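The lines below spell out each chain.
Protein chains: 2
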Amino acid sequence: MLRVGVNGYGTIGKRVADAVAAQPDMEVAGVAKTTPNFEAEAAHRRGYPVHAAREDRRDAFDDAGVPVAGDLDDLVVESDIVVDCTPAGIGAENRAVYERHDTPALYQGGEDADVADASFNARANYDEVAASDAEHVRVVSCNTTGLSRVLAPLDEQYGVEKARATLVRRGGDPSQPDRGPINDILPDPVTVPSHHGPDVNTVLPDLAVDTMGVTVPATLMHLHSVNVTLETEAEAAAVAETLTDESRVFLVPGDARVAGPAHLKEYAQDAGRPRGDLWENCVWAESIAVEGRDLYFFQAIHQESDVVPENVDAIRAVCTDTEAAESVVETNRALGVGFGESEETRRVAADGEGATASADD
Amino acid sequence: MLRVGVNGYGTIGKRVADAVAAQPDMEVAGVAKTTPNFEAEAAHRRGYPVHAAREDRRDAFDDAGVPVAGDLDDLVVESDIVVDCTPAGIGAENRAVYERHDTPALYQGGEDADVADASFNARANYDEVAASDAEHVRVVSCNTTGLSRVLAPLDEQYGVEKARATLVRRGGDPSQPDRGPINDILPDPVTVPSHHGPDVNTVLPDLAVDTMGVTVPATLMHLHSVNVTLETEAEAAAVAETLTDESRVFLVPGDARVAGPAHLKEYAQDAGRPRGDLWENCVWAESIAVEGRDLYFFQAIHQESDVVPENVDAIRAVCTDTEAAESVVETNRALGVGFGESEETRRVAADGEGATASADD
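So the sequences go chain by chain: Z and U. In this text, residue positions in the first sequence follow our numbering: the first is 1, and each later residue adds one. In this text, residue positions in the second sequence follow our numbering: the first is 1, and each later residue adds one.
Because the hints were derived from the structure by calculation, they are not lab data. Hints should not be assumed to be uniformly reliable.
Identical chains blur together in the list; that is why a pair holds if it fits in one copy or across any two.
[As the list claims (entries may be wrong)] DMTMM-like cross-link-like pairs, simulated, lysine to aspartate or glutamate; straight-line CA separation at most 25 Å:
#, residue 1, residue 2
1, K162, E233
2, K162, D245
3, K162, D56
4, K162, D321
5, K162, E291
6, K162, E246
7, K162, E41
8, K162, D18
9, K162, E99
10, K162, E326
11, K162, D206
12, K162, D255
13, K162, E128
14, K162, D62
15, K162, D71
16, K162, D102
17, K162, D74
18, K162, E235
19, K162, D133
20, K162, D294
21, K162, E27
22, K162, E93
23, K162, E330
As the structure is a prediction and not an experimental result, all values here were calculated from the model.
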């Protein structure tokens, strides 16, 4: 059993801990947190050993009635690998701690690429990272993960001459009431390209991609408006088929009448998903359209959870000899990735193929 | 003096009436409205003869203390041309009324293109419409106007191989409290292309353009994320210069620190603009970027007002022999279009040229 430490127990950290706990070959060595808030209390009740990430705040955990299993160093010593899920920029500061104990570590996409020896997306470059023997690996951000998952198969199948995407980003997560905007549509960043295109190139180095970022008053998911100029012509129905074959792409059937992220979240909650998570890219089948060699589609990306299965795969890529396909299947099975499992969902998806087929009318 | 009737006195109608009243060669023959709400009362106080558009509601105007100058037929008889500013779909029903009196009419972009004999955008096709002797002319919608104003000069200067735009649309106007979404990012329409690209082709028939629509929880302006594959290479600074030369494009200087529509509206209000209107496309100078032959930029479009000067020009195109350039200058002067008039604004714009020049670094 791989013993996995999780440093940082916020939006990503708590999901990574649960995803690790669900794997047959992994267990949670413990989680580290700076403050004993409601999330720390929940971690304790879930049975995860809670470590005080800052020695000077250890008393606060005692005061809050959250038993402290140790400090951050103790957690690193207990762990075969640490998944750093601390806020952007803190991961870079933590690398020295992991190196001091010669413990491999994963970092999140909020860190600069140079925090680690390699950047990772299971669909794009699992094998390269595994072969590199990199022990410090950065899992790319939610948006970059979302782009990589569709651009990799499109490039393999049709060749990508140039990809262009406008990322209509949520202003903050549901648990970030202090973020904005309230009533505005912000070019963010106002300069072009945004960092997402170059970030895709950390896992797909040869792919031409330009991205533009916009931030809006919503919290549920990002929405990507994607254009790909393909190297070869393709029917919309064939592209839909290509994306259907991707285990972490959910092709939203046209007749499911999913208007946007709120419906997707509702669907995930109705399906009993933990926290209503959507680990998959959600691509609207109806939106897939081809004009000449220009492909267009919309996809929604759940910023809180799409990187979670990627972190699990990255653990195996760094610590084991498991191959990409095997790891992805295992991760998906343990988490329940894919809406195609139930008879009912298969029916909805099958009905949706009609809409898909007609998208290129 | 051209006597102009305005049928429909909502968001667009009241602005068109004021813009007509500001022109030296036009006067407002009267306005027609279906209900005697706060806007009807304001029209009366401004001195516009208020007509009851529906005979069966005429008593309601009396009850509300808004004197009725006549019915819709009376207004059409009084007018040399009627600008129909009724809700989408009603204009088509009204055409028979205007034809019955042999009175030319303008329609708004919410109507289908076939409501009229020609579609109009001053920058794209004033001369063609004037030469056609069309008496029923549709002024294209706010988004289509915004796209046409930049694509026409880019096509003339560099050639447009293909334009692609994601239109991040406001959910509703500030005066539409019943519209949504509240916390969502909707593909709208989910099918690609949205109607905007084909609509651009009603005024620029030979231009290749694909558009995607997204609707978000904001009310102030639309935001366009624009990509144009040019036929010839161009420096970002040269493109900025091309757009600066357009009288209805406001190149937002980088050092003005305009984060988004809210800042633009604040700026327009500080400048004393009526209703804080922004008649110009607002293009962020900092956003103008070129990768190979791919040009990118962001522009904000004020859905309530950018078509207002276009309606004024369309009146002249239909009713007079005024040439395009002369009409545009006259309309701009009378309304105060352009932020380059004051010494202070010239200074801000001049400072901004530094940011523009560095946009292609």
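Comparing the hints with the structure gives:
| no. | hint | in the structure |
| --- | --- | --- |
| 1 | K162 / E233 | both (14 Å within a copy, 17 Å between copies) |
| 2 | K162 / D245 | within (22 Å within a copy, 31 Å between copies) |
| 3 | K162 / D56 | neither (51 Å within a copy, 59 Å between copies) |
| 4 | K162 / D321 | neither (34 Å within a copy, 47 Å between copies) |
| 5 | K162 / E291 | both (14 Å within a copy, 11 Å between copies) |
| 6 | K162 / E246 | within (21 Å within a copy, 30 Å between copies) |
| 7 | K162 / E41 | neither (48 Å within a copy, 55 Å between copies) |
| 8 | K162 / D18 | neither (38 Å within a copy, 47 Å between copies) |
| 9 | K162 / E99 | neither (39 Å within a copy, 51 Å between copies) |
| 10 | K162 / E326 | neither (31 Å within a copy, 42 Å between copies) |
| 11 | K162 / D206 | both (11 Å within a copy, 24 Å between copies) |
| 12 | K162 / D255 | neither (31 Å within a copy, 32 Å between copies) |
| 13 | K162 / E128 | within (23 Å within a copy, 36 Å between copies) |
| 14 | K162 / D62 | neither (55 Å within a copy, 63 Å between copies) |
| 15 | K162 / D71 | neither (48 Å within a copy, 58 Å between copies) |
| 16 | K162 / D102 | neither (41 Å within a copy, 53 Å between copies) |
| 17 | K162 / D74 | neither (48 Å within a copy, 58 Å between copies) |
| 18 | K162 / E235 | both (18 Å within a copy, 20 Å between copies) |
| 19 | K162 / D133 | neither (31 Å within a copy, 44 Å between copies) |
| 20 | K162 / D294 | both (9 Å within a copy, 10 Å between copies) |
| 21 | K162 / E27 | neither (42 Å within a copy, 52 Å between copies) |
| 22 | K162 / E93 | neither (36 Å within a copy, 46 Å between copies) |
| 23 | K162 / E330 | neither (33 Å within a copy, 44 Å between copies) |
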